[in-house]
Amino acid sequence: MDFFSKKWLICLILGGFFLSSCASQPTAAAPTPIPATFTATPLPSPTVTPLVAGCTETSGQVQIVTVPTQLLKQGIELRVYTPPCYDPTDPARYSVLYMLHGQTYSDSQWQDLGLFSAADELIDSRQIYPFLIVLPNEADSVAFADTSAFGDALVEEVIPYVDEHFATCRLQACRGIGGLSRGGNWAVRIGFSNPELFAVIGAHSTPLFYGDLERLPKWAAAFPNGNQEIVISRATESNSTDPVMIEETLTAPMVYLDFGKNDEGKTQMLAFDLSLSQLGVVHQMVEFDGYHDPDYWSAHLPLYLQWYAAALRAPSDD
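Residue numbers are given in numbering that gives the first Met the number 0: position 256 of the sequence shown equals residue 255, and the series is strictly consecutive.
These aren't lab readings, by the way, just hints derived from the structure by calculation. Some hints here could point you the wrong way.
Unchecked claim - Simulated restraints on C-beta separations:
1. Gln102 with Glu155: 20 to 30 Å
2. Glu195 with Val64: 48 to 58 Å
3. Arg214 with Pro90: 18 to 28 Å
4. Thr146 with Thr103: 40 to 50 Å
5. Tyr209 with Val154: 18 to 28 Å
6. Ser107 with Val154: 30 to 40 Å
7. Glu155 with Gln277: 28 to 38 Å
8. Thr266 with Lys217: 18 to 28 Å
Only a predicted model underlies this, so the values are computations on that prediction, with no experimental measurement involved. Glycine residues also receive a C-beta, built at the ideal position from the N, C-alpha and C atoms.
Please put together the full structure from these sequences, using the hints given.
As structure tokens, this is what we get:
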């Protein structure tokens with residue numbers, strides 16, 4: 000089976016799995032039925048070949064870099080996972096997934112949970128295409144969100160830095176954002192207020208920042224609807240004095256929510272799900288067994304990565 004077909008097969012399998020998971024576990028309130036996030040669309044079937052000719056690597060590399068900032072008090076530390084056989088001089092450009100950590104934790108949290116190891120295994124078994132994973136550090140992770148510039152810094156400083164220093168695809172279709180707990184709150188706030196930047200938004204055990212549930216109608220109104228295409232122009236090289244402008248068609252980001260049935264923030268997450276349904280925002284909400292803890296998140300890493308990968312663009316030369 001070729002990768003493009005496999006990509007959509009994963010979507011359909013995951014969709015069925017998610018629905019069965021929800022059905023088998025009682026919830027405090029029955030979520031409003033939501034439309035399927037993915038639609039199986041016939042795609043070309045290229046010959047399956049190695050993603051990188053002659054590649055024998057089975058694990059990616061992790062770099063720790065510090066992004067200069069004018070918005071925060073100190074530089075923003077990033078852990079950047081580059082997939083096996085990543086070569087910045089190669090013409091291929093990769094999608095990027097930004098994953099944000101929880102309160103009182105740091106940029107190492109997702110790595111400690113096993114995210115990079117899970118990515119290695121899925122890429123090596125060719126269940127997902129390779130992409131970059133960026134873990135930004137929120138140094139003051141207990142700051143009041145409405146007075147913190149972390150979200151602005153990620154959009155205005157971190158993303159441009161990553162695009163400048165790594166072989167990334169800069170289209171909306173090539174960028175995703177997700178997070179757990181407080182990191183999920185940030186992923187929702189940043190992703191929903193900047194839908195032109197992200198193809199996919201993931202919120203894992205995410206109760207939302209105070210006031211963001213009331214902001215959803217305004218954010219959702221800015222989402223392209225399912226039949227709407229918005230074409231914008233974007234520079235392909237941010238540091239070029241004569242950038243090449245390309246036209247980009249934007250679509251509404253895919254949205255995924257999940258939590259454990261024993262999570263103390265379950266009521267808020269069900270309210271988030273209901274609000275999205277009432278606003279017509281296409282999304283998936285999944286309730287699994289578990290709590291608001293590392294065991295829950297680490298158990299679902301392969302599913303998270305498969306879901307993000309299905310929404311992101313495969314490496315390409317354009």
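Cross-check of the supplied hints:
1. Gln102 with Glu155: 20 to 30 Å: holds, 23 Å
2. Glu195 with Val64: 48 to 58 Å: This hint is violated: roughly 25 Å between Cβ atoms.
3. Arg214 with Pro90: 18 to 28 Å: At roughly 41 Å between Cβ atoms, Pro90 and Arg214 fall outside 18 to 28 Å, so the hint is violated.
4. Thr146 with Thr103: 40 to 50 Å: violated, 18 Å
5. Tyr209 with Val154: 18 to 28 Å: holds, 21 Å
6. Ser107 with Val154: 30 to 40 Å: Hint violated: Cβ distance 23 Å, outside 30 to 40 Å.
7. Glu155 with Gln277: 28 to 38 Å: About 32 Å separates the Cβ atoms of Glu155 and Gln277, which means 28 to 38 Å holds.
8. Thr266 with Lys217: 18 to 28 Å: Between Thr266 and Lys217, where Cβ atoms are some 23 Å apart, the hint holds.
The structure is inconsistent with the numbered hints 2, 3, 4 and 6, although it conforms to all the rest.
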